[in-house]
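*Asks:* Each chain is listed here by its residues.
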Amino acid sequence: MGRVIGGIGSSHAPSIAHAYDHKKQKDPLWAPLFDGYGPAKSWLAEQKPDLMIVLYNDHMNRFFFDAYPTFALGVGDVHRLADEGWGKRDFPDIPGDSDFGWHLARSLVADEFDPTICQEILIDHGILSILPLLWDAPWPAPIIPLAVNVIQHPLPTARRLFKLGQALRRAVETYPRDIRVVVMGTGGLSHQLHGQRFGFMNPEWDNRFLDLIESDPEALAAISHHEYMERGGAESVEMIMWLGMRAALGQKVRRVHRNYYAPLITGYGLLVLEGQG
Amino acid sequence: MTEEIFGTHVFTGERSRRGYRLNKLSMSLTDPENRRRFLADESGYMRAMGLDEHETDMVRRRDWAAMIEHGGNIYLILKIAGTVGQTLLQMGAQMRGETLAQFMATRPGAAAGR
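From first to last, the protein sequence lines stand for chains C and Y. Sequential numbering of the first sequence, starting at 1, is according to the numbering used here. Sequential numbering of the second sequence, starting at 1, is according to the numbering used here.
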C-alpha cells in the first residue's frame with residue numbers, strides 16, 4: 001500500500017525561472033526567495049519520495065480553449081518541457097510513472113473525478129519554475145502532473161479541489177506497491193497580472209492563507225472564487241490548488257517549513273507539511 | 001459572473017469566445033518557427049490567422065489593455081509580448097496607464113525598499 005508522507009505548497013512564476021536562469025540566487029532581491037527553498041530541498045532529499053503528484057495549472061502551453069479540460073492527468077512515462085513563447089529552458093524532460101498514472105486515473109474516475117487522461121503532456125512553469133529549487137536535475141523521481149483549470153471560468157470550486165485531494169490520498173493508499181508519495185500544490189499567492197489592478201498584492205491575506213491551510217483548510221474550501229480574486233488578485237485564484245495538496249495529507253499535519261516573500265508583483269509562498277497518520 | 005472587482009476582467013466564456021482568434025494567434029507563438037514568421041511579417045501572419053482589422057491594430061500598437069478588454073487572455077498575449085521583446089512588467093505598467101518607471105516606483109514592493 002502506498003502512503004502520502006507529506007505535501008508542499010509553493011508559488012510558481014516565470015519570474016522565478018527567469019531569476020534562476022540568470023543566476024540571481026545571491027542577488028539581494030532574490031536571495032530571500034531562493035534561500036527559502038533550502039529547507040524544503042533538504043526535506044525532500046531526506047524523505048526520498050518514490051514519486052510526487054503535482055497539482056498545477058498549464059499556462060496556455062499544452063491546452064488551448066478549443067478544448068479546455070477542467071482536470072487533466074499526465075500518465076506518460078516521460079513529460080516533455082514546454083516552450084512558453086520564449087524558448088525551452090535547459091533542463092531534462094521529467095520522468096512520469098505510467099503504472100501509477102493509470103492507477104490514479106482508474107481510482108479518480110471510480111471516485112467520481114473525471115480527468116482528461118493525457119499520454120502526452122507538456123510541463124510549463126507551473127511545475128518547472130520551482131522544480132530546480134526543490135530537486136537537482138536529473139530529476140530523482142517521477143512526477144504525476146495533474147493540471148487544473150484555474151484560467152477559463154467556470155472553474156472547479158475550492159471545495160472540489162479539497163475533495164480531489166482526499167481522492168488522491170485514497171488512490172495512493174489503494175496502490176498495491178509500498179510507495180511513499182509527496183503531493184504538491186502550486187500557484188499563488190496574491191497577484192494580479194492584468195488590467196488596471198495589475199501588481200495588486202495582499203501579504204496579510206497570504207499569511208492568513210498560510211495559517212489556515214495548515215490549521216483549518218476547510219475554512220478555505222468554503223471561500224468563493226470571487227472572494228479569492230478580490231482578496232488576492234484575479235490570478236491568485238490558483239491558490240485553490242493548495243487545497244488538493246492539503247486534503248491529501250489527512251486532518252492532522254506537522255509543519256516542516258514555511259517561507260513568504262513579496263518583493264515584486266507576486267506573494268511567493270512556500271509550505272512543507274508532513275501528515276500525522 | 002459580474003465584473004465588479006476594480007480593474008479586473010474575469011476570464012469568462014464570453015471573453016474566451018470574443019478573444020478566440022487573438023488568443024489562438026498567441027498560442028501559435030509557442031512554436032519558434034511561428035515566432036520567426038510573425039516577426040518577419042506581422043500583418044501577413046495575423047491576416048493568415050484570420051484576425052480582423054480591429055484585432056490586428058491592437059497588436060500592431062502593442063495595446064495590451066485593449067487586448068485584455070477585447071478578450072485576450074493574459075497568459076496568451078504575454079506570448080506576443082515575449083515575441084516582440086516586451087516584459088510582463090512593461091505590459092503591466094501600460095495596463096495601469098503608467099510608465100514602467102512610474103510603476104516600479106509605486107508598486108507595493110517598492111514601499112518595503114525593494
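Source of the hints: derived by calculation from the structure; they are not laboratory data. Note that the structure is a prediction, hence the values are computed from the model and not measured. A virtual CB, placed ideally from N, CA and C, is assigned to each residue, including glycine. Wrong hints could be hidden among the right ones.
To give an idea of the chain Y side of the interface with chain C (calculated C-beta under 10 angstroms), a few residues [claimed, not checked]:
#1 His9
#2 Gly19
#3 Lys24
#4 Asp31
#5 Ala40
#6 Ser43
#7 Met49
#8 Gly50
#9 Asp63
#10 His70
#11 Asn73
#12 Ala81
#13 Gln94
#14 Thr99
#15 Phe103
*Asks:* Output the indices of the hints that this structure fails to meet, ascending.
*Replies:* 5, 6, 7, 8, 9, 10 and 14
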